[in-house]
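Chemist: Please put together the full structure from these sequences, using the hints given.
Here is what each chain is made of, one letter per residue.
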Amino acid sequence: MRLLAYVGRRLLAAVPVLLGVSFVVFLTIHLLPGDPARAILGEKARPENLARIRHEQGWDRPFLVQYSLFLKRVVTTGSVGRSFRTGLDIRDEVLRTFPATIELSLAAMILATGLGILAGILAAKWQNRWPDIVSMGISLLGVSIPVFFLGMLLLMAFTPGLPVGGRLPSTIDYDESTHFVIIDALRIGRTDLIPIFLRHLLLPAIALSTVPMAVIARITRTSMIEVLSSDFVRTARAKGLSETRVVLGHAFRNALVPIVTTVGLQFGALLAGAVLTETVFAWPGIGRFVVDAISGRDYIALQGGVLAIAAAFVVVNLAVDVLYAVLDPRVRVGGSA
Amino acid sequence: MRRTIRRILRNRSATIGFAIVGLFLATAALAGVLGRYEPLSQAFAQLARPDGAHWLGTDDLGRDVWSRICHGARVSLEIGVVSVLLSALVGVPIGCVAGYVGKWLDAVLMRVMDVLLAFPGILLALAIVAFLGSSLVNLMIAIAIVNVPTYARQVRASVLVQRELDYVSASRALGAGHARVLFRHILPNCLGPILVLSTLGIGTAILEAAGLGFVGLGLEEGRPEWGMMLAESRQHFLRAPWVVAGPGVAITITVLGFNLFGDGLRDLLDPRARRR
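Protein chains in written order, with the working numbering: chain A, 45 to 381; chain B, -18 to 257.
Careful: at least some of the hints might be erroneous.
Said to hold, decoys possible - With the Cβ distance kept under 7 Å, some of the chain B side facing chain A (calculated, not the full set):
#1 Trp36
#2 Val225
#3 Ile232
Unchecked claim - Restraint ranges, calculated between C-beta atoms of paired labels, are given here:
#4 A:Asp136 to B:Ser22: 42 to 50 Å
#5 A:Thr279 to B:Leu172: 55 to 63 Å
#6 A:Ala57 to B:Ala138: 13 to 21 Å
#7 B:Leu172 to A:Pro175: 47 to 55 Å
#8 B:Ile234 to A:Gly209: 26 to 34 Å
#9 A:Thr222 to B:Trp85: 43 to 51 Å
#10 B:Leu4 to A:Val51: 44 to 52 Å
#11 B:Leu15 to A:Arg297: 36 to 44 Å
Note that these hints are calculated values from the structure, not bench results.
Even glycine gets a Cβ: it sits at the ideal position worked out from N, Cα and C.
Modeler: Written as structure tokens, this is what we have:
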């Protein structure tokens, strides 16, 4: 029951944060120097067009009325409006592009978690020896290198070996109703698309995985070093268990809580990194949608994209908090763990 | 003082970081001398390979890449230092007051910080610059806003610990006012973590600025900023790798330097966090 109460409390706490996020996103259009209508239509816009767009967007109403209208539109229709450039509903655009980002983020997260935990365990096991120095050196480099520079280096190294740009060659035409390539491929029985897709996915996923991988490796190392020096590990060794059993079976399981939390929190870094990675690799996700909106001065699309990413981030963090409480009962009581 | 220096020198990562940061500062200070040509001059052959005259080659507009990197160090330094100062100037007082006063004020301030933290990484900065328009000042303001919660939270946590210590009750008993207790007694005891955060923050700010530059939200066109240099030469990087290698390596090494230095500082200032 305590767990349920905790989940309820966290859900309630997320509401003001989401409201705040929507307010900040709403506020951005008021940050525009001068008149947003003019910023959108350009300097030579006719007065009647300016008036029309101001009225359509409700920019001629009082500030708080505008915000409540904005909030009402987002909550009831799930959309911030229509794109100025394409006329398409932003909600549909977000639903079309977000799956590509989820695919990329999941792939990057799998890579980052697997390799990061491995590097962290090796570093802790051979502390201050070369496996430690090498893996910590790489992870330091991983947090220092700009993701877009790494992306270009990968492209240099692997073209023309691996395909670049997009999720699938543009010549392939298929029914993409869920916008998740693997799900769509399985649904329509085109399993031949999956290996092609995975080859497209590899380089962007590697580029995007570096920052979370580095952070996960460092946390795993710290957590493992602490656990490896505890009494029960000594007991396990004294019982004559093999070193692999001691490290993986006993120590690692007890080092897991901070690692799981870190993995969850790194999703935020992924979503931010996706903006840059998707630009380098022409990956048709929400990050590139945002960048395109910026270069096209499509402010409504930009609002929609930013709002969608931030909302996803809040939801993921909420899920991590709940998972944390499931793993570590001390959290639920409300004490500091 | 000498003992402090000796301690820094004994910490390997701090020493390497310190050396890299020093090199970066020197490059920024001496950009006019080290960079052998005008960073905006387009007088040379386009996309020329690195040679004796152009150490890192030239870009697609015939500008000397090495000179642009030297002058870019100035821009990055300015962005890093100013945005960190701005974040700290706003974030530290917020954290102090929230931690010291507590109650509803703490709750309100921290919820506002939560909202800012709900935007992953540079996304908020991206939105702010996109709406405010690209300029050096807007870039620094955007990066500063994004990082305010980091300082506020860290300082709040430190203040919460310090507040309960005996020296605080002692100075209250001696008649010191709340402002004096908070800013003269508690704050100086929280400086260590702020220093570490600021050092790491300069690296982060440089990385964030480069990211914004890369998506076309950097500075005015032509200004030698490392992220924008990478973005501008994107189409040519397979043919002329030197145009991206220069600025890419410059960003990586500089950020690495600040990360190493910040980690080293943390180890020095907080013996508990010292690597075992």
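Chemist: Compare the structure with each hint and give your call.
Modeler: Going down the list of hints, with the structure as the test:
The criterion of a C-beta within 7 Å of any C-beta in chain A is not met by Trp36 (chain B), whose closest approach is roughly 19 Å, and the hint is violated. The restraint placing Val225 (chain B) at the interface with chain A holds, with a minimum CB-CB distance near 5 Å, inside the 7 Å limit. This hint holds: Ile232 (chain B) has a C-beta 5 Å from the nearest C-beta of chain A, less than the 7 Å allowed. Distance hint check: the CB atoms of Asp136 (chain A) and Ser22 (chain B) are about 48 Å apart, consistent with the given range 42 to 50 Å.
In this structure the supplied range 55 to 63 Å is violated for Thr279 (chain A) paired with Leu172 (chain B), their Cβ-Cβ distance being about 43 Å. As the Cβ distance of Ala57 (chain A) to Ala138 (chain B) is approximately 19 Å, the hint placing it in 13 to 21 Å holds. Hint check: Leu172 (chain B) to Pro175 (chain A), Cβ distance near 36 Å, so the stated range 47 to 55 Å is violated. Evaluation of the 26 to 34 Å hint for Ile234 (chain B) and Gly209 (chain A) yields a pass: the beta carbon distance comes to about 29 Å.
Roughly 46 Å separates the CB atoms of Thr222 (chain A) and Trp85 (chain B), a value that falls within the hinted 43 to 51 Å. At about 51 Å, the CB distance of Leu4 (chain B) to Val51 (chain A) agrees with the hint of 44 to 52 Å. Distance hint for Leu15 (chain B) and Arg297 (chain A): a CB-CB separation of about 54 Å, inconsistent with the stated range 36 to 44 Å.
Taken one by one, the earlier hints fail for this structure at numbers 1, 5, 7, 11, listed in ascending order.
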